[in-house]
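Chemist: When you get a sec, could you build the whole thing from the sequences and use the hints?
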Amino acid sequence: MKKHLWRSALYCTAFIIPLLSTGPATAAPKTHNTWCTEAVHLGMEQQKDTIPTKEIIIEKLEEVTVEQRKKGLQKSYFEPKNVVTVNAAELLKAACCNLSESFETNPSIDVSYSDALMGAKQIKMLGLSSPYIQFTEENIPTIRGAAQTYGLSFIPGTWVESIQITKGVGSVANGYESMAGQINTELKKPFSEPLLFVNAFASQGGRQEFNTHWNTSLNERWHTGLFVHANRRIEAMDANGDGFMDMPMGDQINLMHRWQYTDTQKGWVGFATLKWLKDDKEAGQMDSQINFMGGQPLWKSITSTERLEGAFKMGYVFPEMPYQSIGLQGNLSRHVQQSTFGQKAYDMDHISGYANGLFQSIIGSTQNKFKAGGNLTFDQYEELLNGSEFRRRDYSIGSFFEYSYDNLDNIGLVAGVRADWHNQWGAFITPRLHLRYNPWTKTTLRLAAGSGRRAANIFTENQNIFLTNRLLVLENNGGPIYGFDPELSWNYGGSIRQTASLGSIGLDLTLDLYRTQFKDQVVVNWENPQRLSFQPLQGESYANSALASLEIDIPTHWEVRLAYKLDDVKTTYDGNLLQRPLQPRKRAFAQLSYQSTPDAAGAQWRWDATYHGVGSQRLVANVRNPYGGYAPSYHLVNSQLTKAFSKTLEVYMGVENATNFTQDNPIIAASEPYNDRFDAAQIYAPIFGRMGYIGMRWTLL
Amino acid sequence: MKKIIFLLSLLATTGLYAQKPQKTTLEVKGNCSLCQKRIVKATLGVKGVKWAAWDIPSDQLTLIYDPLKADLAQVEKAIAAVGHDTKNQKAPKEVYEKLPACCLYRDGGKHVD
Numbered sequence: 001m002k003k004h005l006w007r008s009a010l011y012c013t014a015f016i017i018p019l020l021s022t023g024p025a026t027a028a029p030k031t032h033n034t035w036c037t038e039a040v041h042l043g044m045e046q047q048k049d050t051i052p053t054k055e056i057i058i059e060k061l062e063e064v065t066v067e068q069r070k071k072g073l074q075k076s077y078f079e080p081k082n083v084v085t086v087n088a089a090e091l092l093k094a095a096c097c098n099l100s101e102s103f104e105t106n107p108s109i110d111v112s113y114s115d116a117l118m119g120a121k122q123i124k125m126l127g128l129s130s131p132y133i134q135f136t137e138e139n140i141p142t143i144r145g146a147a148q149t150y151g152l153s154f155i156p157g158t159w160v161e162s163i164q165i166t167k168g169v170g171s172v173a174n175g176y177e178s179m180a181g182q183i184n185t186e187l188k189k190p191f192s193e194p195l196l197f198v199n200a201f202a203s204q205g206g207r208q209e210f211n212t213h214w215n216t217s218l219n220e221r222w223h224t225g226l227f228v229h230a231n232r233r234i235e236a237m238d239a240n241g242d243g244f245m246d247m248p249m250g251d252q253i254n255l256m257h258r259w260q261y262t263d264t265q266k267g268w269v270g271f272a273t274l275k276w277l278k279d280d281k282e283a284g285q286m287d288s289q290i291n292f293m294g295g296q297p298l299w300k301s302i303t304s305t306e307r308l309e310g311a312f313k314m315g316y317v318f319p320e321m322p323y324q325s326i327g328l329q330g331n332l333s334r335h336v337q338q339s340t341f342g343q344k345a346y347d348m349d350h351i352s353g354y355a356n357g358l359f360q361s362i363i364g365s366t367q368n369k370f371k372a373g374g375n376l377t378f379d380q381y382e383e384l385l386n387g388s389e390f391r392r393r394d395y396s397i398g399s400f401f402e403y404s405y406d407n408l409d410n411i412g413l414v415a416g417v418r419a420d421w422h423n424q425w426g427a428f429i430t431p432r433l434h435l436r437y438n439p440w441t442k443t444t445l446r447l448a449a450g451s452g453r454r455a456a457n458i459f460t461e462n463q464n465i466f467l468t469n470r471l472l473v474l475e476n477n478g479g480p481i482y483g484f485d486p487e488l489s490w491n492y493g494g495s496i497r498q499t500a501s502l503g504s505i506g507l508d509l510t511l512d513l514y515r516t517q518f519k520d521q522v523v524v525n526w527e528n529p530q531r532l533s534f535q536p537l538q539g540e541s542y543a544n545s546a547l548a549s550l551e552i553d554i555p556t557h558w559e560v561r562l563a564y565k566l567d568d569v570k571t572t573y574d575g576n577l578l579q580r581p582l583q584p585r586k587r588a589f590a591q592l593s594y595q596s597t598p599d600a601a602g603a604q605w606r607w608d609a610t611y612h613g614v615g616s617q618r619l620v621a622n623v624r625n626p627y628g629g630y631a632p633s634y635h636l637v638n639s640q641l642t643k644a645f646s647k648t649l650e651v652y653m654g655v656e657n658a659t660n661f662t663q664d665n666p667i668i669a670a671s672e673p674y675n676d677r678f679d680a681a682q683i684y685a686p687i688f689g690r691m692g693y694i695g696m697r698w699t700l701l
Numbered sequence: 702m703k704k705i706i707f708l709l710s711l712l713a714t715t716g717l718y719a720q721k722p723q724k725t726t727l728e729v730k731g732n733c734s735l736c737q738k739r740i741v742k743a744t745l746g747v748k749g750v751k752w753a754a755w756d757i758p759s760d761q762l763t764l765i766y767d768p769l770k771a772d773l774a775q776v777e778k779a780i781a782a783v784g785h786d787t788k789n790q791k792a793p794k795e796v797y798e799k800l801p802a803c804c805l806y807r808d809g810g811k812h813v814d
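Read top to bottom, the protein sequences are chains A and B. Position one of the first sequence corresponds to residue 1 (my numbering), numbered consecutively onward. Position one of the second sequence corresponds to residue 702 (my numbering), numbered consecutively onward.
Don't read these hints as lab results, they were simulated from the structure. Among the clues, some could well be false.
Some chain A residues near chain B, calculated using beta-carbon distances under 8 angstroms [to be verified]:
#, residue
1, E320
2, M321
3, Y323
4, I362
5, S365
6, T366
7, Q367
8, L408
9, A669
10, E672
Since the model is a prediction, treat every value here as computed from it, not as a measurement. Just so it is clear, CB atoms sit at the ideal spot from N, CA and C, and this is done for glycine as well.
Modeler: Rendered as structure tokens:
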């Protein structure tokens, strides 16, 4: 009996971590990470606080040997929000190396290059690019402001424990900025990590990455970890012969130090995290081009970024009332970017602060739960663009209340509202509603609606504007942020999920339909070949997104994923409602994965191949094509093979862009980089062709 | 609006502090996660029960309740009424026989699939 209560207490503390950060219970035993049962998983999600301990159930199931492969992408039957969890096993399928590349195996998120020079990958969800997605790191907003363009590449993939992708507006607890969805990243926790982890990676094109994590426990309550990431690209490559490097050269050092406190008896948990990074990139013309420049200097771009960040969070679960808890979290960061692009210069210094307090309890019983709390945000931006200074201080204070109802059977609801006051645009209300209904046991219907608001940091979010010599025009309307009003959108949508089995084969079909409608937006208008204008939205702007996906689980070794997507993303440019440029209307996705049964020592083979079909994209008018046009549709194939020699040593190798598809002449007027026509931002396909890579992971338990 | 929300959350908080919930454990017969869902639902359906967890391998139901409002005999009755035996209440045979196959704990001992 005593043992049972102790286990309950352990579970309670495991429960508060999902409260602070919606990720999976971190106190779960690490040995059961990859092999687990679907039944346990579903049970966990159904009533996180009513299942005493995960490990007991697993032990029991192992006795009767009901084992099923845990899926890399996990969807819930019971969560009212449309959440897909990407776990660590799934993250390993991506070739490399940071968060921006982690989504290439996921049909919900599109990954593409934002320009021909800087190598930065941008992601899109529901047809909208990353500024319209709210990123959180352990539920603290991140990748905002100055970090918007490169922030994803500043989170090393090996640091990530899991990712939760919420389609639609999501919870009000993290603020008002989410428009198309929320992506939360859970970083690895010292409590559940092995003592030492080492990863090394090298690819064609001179890219090298190195990661090491060291985690240890000081005593029962205190755990600490040090995470070190370094990468560099040392070769200047110009495979397409346009005189420009296909990828920037550069290097990055990225450090994280974490402290974790867990007191299972008293119900306290806490984290303190300190991060520092330095990143340097050099892009532009190859040195050999100097002979063709007629005395002009080479067009080069140097970008140097330094970021320092500290975060803390603590949570308390009332020992006698496991359904009641308090959470506090805070974050301070400074992000400094200094960059030159040919003769242009752009510097950004962003200081940001965030604090959030949250109380969670029940009304009557655990069928009716609520979260209530408040937050403070502070952002100071100092920008210098070709000698013109832009300074701004934003602060906001807000409070929220979120009510959840669960009839413990087939209906769930999350209704939230927040009230905020912002120094630049005053007071406003943000309502958000999520509904879940299971008409039959294997069918889940979800509906969501809500609004989102954000300040568009027009320069730092659109750094590809520096890679063109078009005339930059701010056609502002006197609003508070660079002369513009904040962006405001409503998102409505829903999904239907149906699972079925054909003998031992599991089928999982999902249909997502979402619409994001902008009321206010800062439109980036590329339609005039000589100009690049920021304009307030006049007319309609929306993104309709439909995704059909089918996952087929073939025991015990194979998994197939198929998806088809339609993105109807239209904005009014100069009075014409047009598909947003460089936005494919259609996408197709297929993935085949194999894993062998691990032997007693943990030796295993894993293989996967991923196909992306990218539909035609609208191109804006330019010197090559004065009336605009359409890019050809194309196909990409990636594949990876992993050999695990034991539970502690793995070697992997793979190929990206196996069919070697690249965009012809990606840079417009590449031979005249100081001419008005020069434009390296019209990118619809990879610049870099087939790329092989190899890597290893070693763990000391 | 902001003030209203703050007040609401304060009211809810003080309301909860005012009660002194008690924790107790009962034995409830069952097998699998389907039983778990049914047992927890029946338990929470009793007035005054705030929180419930049923542990599959040990058959232990832990609940937190308001002793002024909830009656533990009512909890046992509610659980037996949906087909699960407790120490003092036996589930009616006709209800038991309609349980899904994995929940038939009276036949063939404990199994959890």
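Chemist: Against the structure shown, which of the earlier numbered hints fail to hold, in ascending order?
Modeler: The structure conflicts with hints 9, 10, although it agrees with all the remaining ones.
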